[in-house]
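If you read the protein sequences in the order shown, they are chains A and B.
Residue numbering for the first sequence follows the working numbering, beginning at 1 and increasing consecutively.
Residue numbering for the second sequence follows the working numbering, beginning at 1001 and increasing consecutively.
It is possible that part of the hints are untrue.
What the hints assert, rightly or not - Heads up, simulated DSS-like pairs for lysine-lysine below, C-alpha to C-alpha not over 27 angstroms straight-line:
{"id": "1", "chain 1": "B", "residue 1": "Lys1089", "chain 2": "B", "residue 2": "Lys1056"}
{"id": "2", "chain 1": "A", "residue 1": "Lys109", "chain 2": "A", "residue 2": "Lys93"}
{"id": "3", "chain 1": "B", "residue 1": "Lys1089", "chain 2": "A", "residue 2": "Lys36"}
{"id": "4", "chain 1": "A", "residue 1": "Lys118", "chain 2": "A", "residue 2": "Lys158"}
{"id": "5", "chain 1": "B", "residue 1": "Lys1086", "chain 2": "A", "residue 2": "Lys47"}
{"id": "6", "chain 1": "A", "residue 1": "Lys36", "chain 2": "B", "residue 2": "Lys1056"}
{"id": "7", "chain 1": "A", "residue 1": "Lys47", "chain 2": "B", "residue 2": "Lys1056"}
{"id": "8", "chain 1": "B", "residue 1": "Lys1056", "chain 2": "B", "residue 2": "Lys1147"}
{"id": "9", "chain 1": "A", "residue 1": "Lys36", "chain 2": "B", "residue 2": "Lys1086"}
{"id": "10", "chain 1": "A", "residue 1": "Lys98", "chain 2": "A", "residue 2": "Lys109"}
{"id": "11", "chain 1": "B", "residue 1": "Lys1147", "chain 2": "B", "residue 2": "Lys1089"}
{"id": "12", "chain 1": "A", "residue 1": "Lys88", "chain 2": "A", "residue 2": "Lys98"}
{"id": "13", "chain 1": "A", "residue 1": "Lys47", "chain 2": "B", "residue 2": "Lys1089"}
{"id": "14", "chain 1": "A", "residue 1": "Lys47", "chain 2": "A", "residue 2": "Lys36"}
By construction, these hints were calculated from the structure, which means they are not laboratory data.
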Amino acid sequence: MPQIAQIAETYSSQIFWLLLTFGFVFFVIGLGMVPKVQGTADARDAKISGDLDAAKAAFARADEAEADYRVRDAQSRAAAQAMLVQAKAQAAKASETKLAAADAEVAAKIAAAEARIKAASDAALAEIETVAADAARDMVARIAGVQASDDAARNAVKAALAHG
Amino acid sequence: MAESGKIDPMHQFAIEPLFGTDHLSIGGFNIAFTNSALYMVLAAVVLWIFVIGGMKRELVPGRWQMAVEYMTGFIKNLLIANIGDKGRKYIPYVFSLFMFILLANLLGLLPLGLVGLHPFTFTSHFTATGVLAIMSFSIVLIVGFAKHGFHFFSLFVPHGTPALMVVPLFFIELVSFMVRPFSLGLRLFVAMTAGHVLLKVLAGFVINSANASPALGLTVGTASFVLMIGISALEMLVAVIQAYVFALLTSVYLNDAENLH
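When you get a sec, could you build the whole thing from the sequences and use the hints?
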């Protein structure tokens, strides 16, 4: 077995070259290069998990925004409803007052017109009396040849008009 | 060792100096550049090239970068599973250990004999695996004593030990602890040696039976050859598993040093 048979002549060379080569492997590759390789892998893992977290956070933010939007939507709907009700009430009030004013105006106009009509009919009546009295006086003068007084004729006409 | 015919299944483990460096030495110690050293350098260079391909540091990795990151991630998960988050600082060491052993095992299995070269598996030498095992064990000791001081000895007295049993248990646990570097180093050495010997013995069967007679060659030789194909696949698995076991046990021992019990 050469491992044992040659040990006396070769152990020093074996140990020397092993320490030399493994030293190179450890210091140059193990310490110099492996941490960089592993660092790249770790950075990638960190990036992936960071991106996933960011996506999760974005999802949460979107949900929040949607909930916020819903709340605001409901609020503005309620506000619009309230404004509508108020506007309706205002419009109703305004039209009521306008209507009342118009009513009053119309009533006043009607009252004035009625007064005018009454005055006109009174005047007309008075004229009819005068005309009738004149006619009565004429008739009395022609028929009886008596000059009837103005008052008598007027009273007679009034009585006749009152009796219809 | 016994020879089967002219084929020596142990010859593959022979260490030969290359390029006339037989007498190269430092302070009286021979440091000849051998075929074993050549495969150590090859494993280191292949690993270097492999990791360089993973240095593009792109956010969306290509295939090569993905492969390198897969290996570092594998070691990271192994350490975190065994030690917890404190295990991250051992990634460079355990990654170096795992990949170095893995490439040594796999490079030693390459069928370079087909083109006349002699592949060599330096992990089948306990002078090499022993150094790696002692290195891991030393790190465990250094971390353990640096972190816990003499409290580290409480590792040898499990929780709930009756007072009477403390002393005997301490010695039993101490022995099992001290055996760790040997089991670590010898396991890898034995597994690699056994597999390679088995392959060479079977290859010897194929050659010797075919040389003996066509009938033997067709029966014993063919059967051995089919067996070799299966065992070669098994050896690939063993190469990976032994590297994994080495890294896994190192991280389990590091866990003792980091967290005691």
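How the hints compare with the structure:
For the proposed pair Lys1089 (chain B) and Lys1056 (chain B), the alpha carbon gap of about 22 angstroms is at most 27 angstroms, so the pair holds. Restraint check for Lys109 (chain A) and Lys93 (chain A): satisfied, since their Cα atoms lie roughly 24 angstroms apart, inside the 27 angstroms limit. A threshold of 27 angstroms between alpha carbons decides the hint, and for Lys1089 (chain B) with Lys36 (chain A) the separation of about 13 angstroms falls inside it, so the pair holds. Between Lys118 (chain A) and Lys158 (chain A) the CA atoms are separated by roughly 19 angstroms; this keeps the pair inside 27 angstroms, and the hint holds.
Of the pairs offered as hints, the one joining Lys1086 (chain B) and Lys47 (chain A) holds, with about 22 angstroms between alpha carbons and a cut-off of 27 angstroms not exceeded. Using a Cα cut-off of 27 angstroms, the hinted pair Lys36 (chain A) and Lys1056 (chain B) holds, with the two alpha carbons roughly 10 angstroms apart. The suggested pairing of Lys47 (chain A) with Lys1056 (chain B) holds, with an alpha-carbon distance near 17 angstroms, which does not exceed 27 angstroms. Restraint check: the Cα-Cα separation between Lys1056 (chain B) and Lys1147 (chain B) comes to about 36 angstroms, which exceeds 27 angstroms; the hinted pair is violated.
Only pairs whose Cα atoms come within 27 angstroms are accepted, and Lys36 (chain A) paired with Lys1086 (chain B) is accepted, the gap being roughly 18 angstroms. With a C-alpha separation of about 16 angstroms, the suggested pairing of Lys98 (chain A) with Lys109 (chain A) holds against the 27 angstroms cut-off. Restraint check for Lys1147 (chain B) and Lys1089 (chain B): satisfied, since their Cα atoms lie roughly 14 angstroms apart, inside the 27 angstroms limit. Only pairs whose Cα atoms come within 27 angstroms are accepted, and Lys88 (chain A) paired with Lys98 (chain A) is accepted, the gap being roughly 15 angstroms.
This hinted pair checks out: Lys47 (chain A) and Lys1089 (chain B) have alpha carbons roughly 22 angstroms apart, not beyond 27 angstroms. Distance restraint check for Lys47 (chain A) and Lys36 (chain A): the Cα-Cα separation of roughly 16 angstroms lies within the 27 angstroms cut-off, and the hinted pair is therefore satisfied.
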